[in-house]
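Student: Residue-level listing of the chains:
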Amino acid sequence: MARTILETKDINKSFPGTQANQNVSIRLEEGEVLALLGENGAGKSTLMNIIYGLYNQDDGEIWLDGKPYAINEPHDAIAAGIGMVHQHFMLIPVFTVLENIMLGAEVANGPFLDKAEARKRIIALSQDYGLEVDPDAIVEELPVGIQQRVEILKALFREVKILILDEPTAVLTPQETEELFVIMRNLTKQGVSIVFITHKLKEVLAIADRIVIMRRGKVVGETRPSEVNEHDLANMMVGREVILQVEKAAAQPGEALFEIEGLSIHDAAQLHSVNNVSFTVRAGEILGLAGVQGNGQTELAEAITGLRHYNSGTVRIAGEVMPQTNPRKQVQHGMAHIPEDRHKHGLILQDPLTDNFVLCTYNQPPFAHRGVRDRQAIYENAVELIQRFDVRTSSALTPAGDLSGGNQQKVIVGRELSRDVKVVIANQPTRGLDVGSIEYIHRTLVRLRDEGAAVLLISSELDEILSLSDRIAVMYRGQIVSTLNAAEASREEIGLLMAGSAQRTMEAEAA
Amino acid sequence: MRRLAANQAVQEAKTAVEDQTPSQKNWLSAALQTLQEPSKNIWYAVRIPLIAIILALLVGAVILALSGADPIVAYQALFRGAFGSARYIQRTLEKATPLIFAGLAVAFGFKAGIFNIGAQGQLLMGALTAGFVGFAVKGLPPAIHIPLALVSGAVAGALFGAIPGALRAYSGAHEVITTIMLNYVAINITDYLSDGPLKDTSPGNIVARLPLIEPSAKIPLLGPVPVGFIIALVVAGLIAYVLERTTFGFEINSVGLNPHASTYAGMKTKLLIVSALVVSGLLAGVGGAVETQGVVGRFQPGFNTGLGFDGLTVALLGRNNPFGVILAALLLGAMRGGANLMQFDAKVSANIIDVIQGLMLLFVTADVLIRTVFRLRKDKTSEISLTTSWGGK
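Chains as they are written, first to last, in my numbering: chain A, 1 to 511; chain B, 1001 to 1393.
If you are wondering where the hints come from, they were derived from the structure by calculation, not from laboratory data.
Even glycine gets a Cβ: it sits at the ideal position worked out from N, Cα and C.
A few of these clues could be false.
To be verified - Output of the computed footprint for chain B on chain A, the stretches with three or more beta carbons under 8 angstroms from beta carbons of chain B:
{"no.": "1", "region": "54-64"}
{"no.": "2", "region": "344-353"}
{"no.": "3", "region": "356-367"}
{"no.": "4", "region": "481-494"}
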């Protein structure tokens, strides 16, 4: 058996209202990829933050190389050769790659920075581990996948032996994920041990040497990829039978509820980020909008939900033309919007759940009468929605920021879908969520469709598009290059359309 | 049809809630329950300002000792000078009154994510306008003249606050820059008017100032308590109500915490930014008017210097809470009120008060330092967000 390099012994950590870690003992062997699998809120990130010194455990020990080691702050962890790449990158956007990597570990020549020496070391590291990156590029101009490499290089520059990757694939395209796996393999070959935090089952099976599964703060199992399949993992993670496939009847499309016609957005450089886009979503159908991130979906979604100005085109809900940048009017006409970025648009993290549940209806009865808010009505509403949408929280007055990502998303979904909605715009509704929450949100979207809502699903996860949509529109460079009937569309065909290599303009018939 | 299904689900949820005992059904009892959490109780909210005040007084004592005075004698005199007699108490309250208004003005801005450094200028405009209405309008009964002058001061402050508000909302010019510059505009306008068109023309006057206001515009005393102070308390309560209970207050808080989510929620964020600065300017303007009508008796440049900036200290010490603002304003008012006696008894310069006040501001804003030294846990939800546009999210 390989040498155990890192071990946690009976770690306990509680936050007000939750026991985030309960007697958690895990073991990391030298040169392996250990996947830490669990739903959001299972305590994976808490454990890693304890190991990295961002939190201190209530009790329990961390052992390194067979000896107990006190980690009180990240500095201790870095000194012990532990590096962490967070889900949200800790980079300074306007600095170059070189400057970001040096930051906090400056190579000095007397009082001066020795950039030449640092550059040499970075280039050497890039070559050793196959992490290609231009040291002089400005970080904010790099794609997300490359920014992640910079984070990994940052850790390697500090000569880490243990690398913690917190949900590293959440922001990556399938191709970038493949590249990351190659890099991870290179790292382990050279003796780096990796803890890979995730909830994506396919990835765990593809890359892990060993899998530890956590549920509600406890370790509930340990296994190897050769011994299990996706279904087993999902069941272990959620603690019950999980149906990975969405079951739905054939769509019964009705009247056109949401119509976009000739919509174009010019950005600052007068380029078309969205170029003459038209589509219709009918009552009782789900239209999936597929495409690689950065092909105009974000801009389009913001424009059609009233968050962004567009240069030409019209947006109609149930036949009525919507004025520009007026989300309230669209909500009044029956729009529900699950925004792409839940922290930016979806929630006010410092506010309690009560207020977040009425974010769009705070000024309407029963939540307010003549400008005065009714706290009891707001509270009752929150308690109801917490129950109905299975939000895990200690109280309705807990700040939204204290919830796990999955539960935050349930708050948004609960808020938006509990209204009497005609049009649902769900933009990356399950990004970063666990299997249980994904299942729940998918079922909810299908239920709304069956109840006669027009659903527009925007997602960069092709699996999600394929399993939910009745029709699929593919976006490439600001245009919809094709609209297909989901029943006839193949994964390969859509993949090619997303990559822009097949220009097909055949319009599939809705019925 | 969908509404029916939703209602049914709501009904089911209601039954489920009733079945579940630990969850509170009542808002008030749930809120009281959260107060029992260590991160929500009163001590938790006041500890940083309290430590800042004590530290400032301690460092102030060291400075007093170094300058040859007995700190204990000095602080005793300061306390007596602030609260030792009815006359002293009256002075303390007089000093605290404009500070409450200025503190509320800054705090209201902070709530909306706006850093209103222009409270000083808005206060000056309010003080001048109230002074003008106070002397130029004659023959009104006090019941009309007093509120008229107050309201005109409020309007002047509000208009002067609307300028940086509109600049911020519609052109993106940052309010920190524009309000600082508008402070100079206000100083120059008031200086010019009090040495020019509106100058006190009574025989022998060579000072740049406005004439005395009519007695009918003067805010009276109620025993030792200036009525202006009572107005300040009422306004603070009103602001607390607006922020806590009204939809407008919710909008102001939301814009301050997350302008993107506010836009998403359909709030008119630009208009809200203007409104926040209008209300902020209005409060500062009333503060100036109360000072003119209740204490000085006329507008005279130099008499209101620094009040707007003290408002910043008051807001931060009071953690942007209207009731905290009252307490902080009383503290600063007491220090200002007691300074004379301290100067007399302990033979130290009254300027030491400025030093102590500066230290308070320093310590309360350097709360990271305090947390580290006193090993207090970070409280991530009630962090004061100073501005949303300067490096904020």
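Student: Give a verdict on every hint.
Tutor: Results for each hint:
Counting residues of the region 54-64 of chain A whose CB falls under 8 angstroms from any CB of chain B gives 0; the rule of at least 3 is not met. Evaluation of the coverage hint for the region 344-353 of chain A: fulfilled, as 8 residues show C-beta separations to chain B shorter than 8 angstroms, against a requirement of three. Only residues whose beta carbon comes within less than 8 angstroms of a beta carbon in chain B count, and the region 356-367 of chain A has 4; three or more means the coverage holds. Look at the region 481-494 of chain A against chain B: 0 of its residues bring a Cβ nearer than 8 angstroms to a Cβ of that chain, fewer than three, so the hint is violated.
Hints 1, 4 from the earlier list are contradicted by this structure; the remaining hints agree with it.
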